[in-house]
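Peer 1: Could you put the whole structure together from the sequences, leaning on the hints where they help?
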Amino acid sequence: MDDLNLYNMAYKHLFNCIHFGLYPTGSSLPTVPELCKTFNVSSSTIHNALRLLQEDHYVSLSQGRSAIVTYDVNEEECRTEYRTYSYATKDALLDLCDAILMIWPEVMLQGLKLCTDDDLEKLTEIFQRMSPCNEYPFFDFFFHILKGLGNPLFLNLYLSTTFFGHSTIMRLRDKAYIYGYMTFLKRETAQILALCKASDYGHLKDLLVRLYQKHIEGIHQYHDSLPPPEPPVKPIPYEWNYFSERPLVNFNLAMKLLRQIYSLLGNQEYLPSFSTLAKQYSVPFITVRRAVKILSDIGIVETIPGKGTRVLVGVDNPAPISSFSTPNLKKALLQYLQSMQIILIICKDAARSVFPSLTDSSIQDRASLLKTIVISGDYYMTFGVCFSLLSENAQSPALREILGGLMQIQYLGYPLNDVKPYPFRFDSRSTTALLKSLEERDADLFAEELQCLALDIFKAGKEKLIAGGILEAEAIVLPSLD
1 MDDLNLYNMA
11 YKHLFNCIHF
21 GLYPTGSSLP
31 TVPELCKTFN
41 VSSSTIHNAL
51 RLLQEDHYVS
61 LSQGRSAIVT
71 YDVNEEECRT
81 EYRTYSYATK
91 DALLDLCDAI
101 LMIWPEVMLQ
111 GLKLCTDDDL
121 EKLTEIFQRM
131 SPCNEYPFFD
141 FFFHILKGLG
151 NPLFLNLYLS
161 TTFFGHSTIM
171 RLRDKAYIYG
181 YMTFLKRETA
191 QILALCKASD
201 YGHLKDLLVR
211 LYQKHIEGIH
221 QYHDSLPPPE
231 PPVKPIPYEW
241 NYFSERPLVN
251 FNLAMKLLRQ
261 IYSLLGNQEY
271 LPSFSTLAKQ
281 YSVPFITVRR
291 AVKILSDIGI
301 VETIPGKGTR
311 VLVGVDNPAP
321 ISSFSTPNLK
331 KALLQYLQSM
341 QIILIICKDA
351 ARSVFPSLTD
361 SSIQDRASLL
371 KTIVISGDYY
381 MTFGVCFSLL
391 SENAQSPALR
401 EILGGLMQIQ
411 YLGYPLNDVK
421 PYPFRFDSRS
431 TTALLKSLEE
441 RDADLFAEEL
451 QCLALDIFKA
461 GKEKLIAGGI
471 LEAEAIVLPS
481 LD
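If you count by full-length UniProt numbering, then the sequence shown holds residues 1 to 482, one letter each, in order.
Think of the hints as simulated: they come from the structure by calculation, not from any bench.
Some hints here could point you the wrong way.
Dumping the calculated SDA-like pairs for lysine to any residue here, alpha-carbon to alpha-carbon at most 25 Å [stated by the list, open to error]:
id, residue 1, residue 2
1, LYS293, GLY384
2, LYS331, SER388
3, LYS459, TYR262
4, LYS175, HIS215
5, LYS214, ASP140
6, LYS147, ASP206
7, LYS186, ASP119
8, LYS331, SER160
9, LYS205, ASP140
10, LYS462, SER296
11, LYS90, MET182
12, LYS147, GLU121
13, LYS256, ALA278
14, LYS330, ASP297
15, LYS90, LEU226
16, LYS331, ASP206
17, LYS12, SER282
18, LYS113, PHE143
19, LYS214, ASN16
20, LYS371, ALA443
21, LYS307, LYS330
22, LYS331, GLU472
23, LYS234, PHE163
24, LYS197, LEU185
25, LYS256, LEU185
26, LYS214, PHE139
27, LYS12, PRO33
These figures come from a predicted structure and were not determined experimentally.
Peer 2: What follows is the structure, encoded as structure tokens:
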């Protein structure tokens, strides 16, 4: 499957869903438009993935209809294969559970706050399809809640965390347990609908936390019962691979280059040659060329014939707002705003989770950087300095993976700081408050101030994108934070 290129991520996701029984034999896959939105790819990419599934005898395709699952799942074979897979993912999945409990109850609450009457009608329709024999309606229920946030990156993260280790472990338990657990889920989803309609968000958050705690309890019980496989299997780590495959691999490299530029290179300095970068990052030459083209569209670099690629950081000549219409810049800025929405919702809980484990040296290092920012007036760097403190120091590998991915995407938004005629100039207040929180080792103050700064950045970024003609930014909603 490693050579599937553009349709790899869609193929692998659907393959796993079918192979492990999420889409039973005879059921329909989501429509092509739904899959396009889920994976943030074109319809041709989805059609390629579906055609390959058909060639592998997993689905049948017909004009104008959703793909029908034809693969006949052998339960005993599924159990054997899945037990091996479960043991390989055990350590990473149990670690991921902590991140799941920290992230998704709050995110689902934000999605439920945004539910319209039409959304509630759709959720009720999904609820009516729930049964102990079919897991998909339960997955679809929460997936639809997330759609209200207008953020494909959130959907991708949900798929990534939900299907790593895979929720269908419940199929591998005894039938009485499965029936009891599914009955519990249906009862709780009915209560979610009732509380949402009553706008009782306090009890709704408590219910969501209990729901995820129950889910995680089941995961722990199942993995505690697993005997070590023979022969031993190689552990599988959790990876959020949103940018690991085409078509997003070019953006992945562009973000790595951005980090290199902001960390190591000064204004008017030159990037290494394309061949050097290809070797450094172990990517094809054409990937480097495409990544540099993205940076050029953003306004970070320019190509000088006969000399190389020159850095433009700090040049008081930002790209005019009309250039937001270029495809690469438009896509980059939308992904930046999507990541900013995720950060805005989860950063307070992430900060409270990570802060107590920070070492004195890591705190002193960031405090020193913030003092330098106060002197230089480069306040736009404050958020990156503080959020990367979390992404680099989280004890949980899964949380580091998620926060690190979000931090990486943040570099795409740096050019927004100086875009004219809508400059967003930070003042010293947030920098000074965050510096105080570090010096006093005050986790609550750090969390509060980081979220306040994230809110300012999200609002300003969204305003600039819309003003620049990227109207898709309107769909990325401002969460209703406490």
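Peer 1: So if I understand the rule, the pair passes when the alpha-carbon distance is 25 Å or less; does LYS90 with LEU226 pass?
Peer 2: The hint holds at about 9 Å.
Peer 1: Between LYS307 and LYS330, is the straight-line Cα distance small enough, at 25 Å or below?
Peer 2: violated, 28 Å
Peer 1: Within 25 Å, alpha carbon to alpha carbon, are LYS175 and HIS215?
Peer 2: holds, 17 Å
Peer 1: Would the pair LYS462 and SER296 pass a check requiring their Cα atoms to be no farther apart than 25 Å?
Peer 2: holds, 22 Å
Peer 1: Please work out if LYS147 and GLU121 have their alpha carbons no farther apart than 25 Å.
Peer 2: Satisfied, since the Cα-Cα distance of roughly 14 Å is no more than 25 Å.
Peer 1: Between the alpha carbons of LYS12 and PRO33, is the straight-line distance 25 Å or under?
Peer 2: holds, 18 Å
Peer 1: Within 25 Å, alpha carbon to alpha carbon, are LYS330 and ASP297?
Peer 2: holds, 9 Å
Peer 1: Against the 25 Å threshold, does the CA-CA distance of LYS205 and ASP140 hold or violate the hint?
Peer 2: OK: LYS205 and ASP140 at ~19 Å, within 25 Å.
Peer 1: Quick one, are LYS331 and ASP206 close enough, alpha carbons at most 25 Å?
Peer 2: violated, 37 Å
Peer 1: Given the hinted pair LYS331 and SER160, is their alpha-carbon gap at most 25 Å?
Peer 2: Holds, at roughly 21 Å.
Peer 1: Please work out if LYS12 and SER282 have their alpha carbons no farther apart than 25 Å.
Peer 2: The hint holds at about 23 Å.
Peer 1: Below or equal to 25 Å on CA atoms is what counts here, so check LYS234 against PHE163.
Peer 2: holds, 19 Å
Of the numbered hints listed earlier, those contradicted by the structure are 16, 21, 25.
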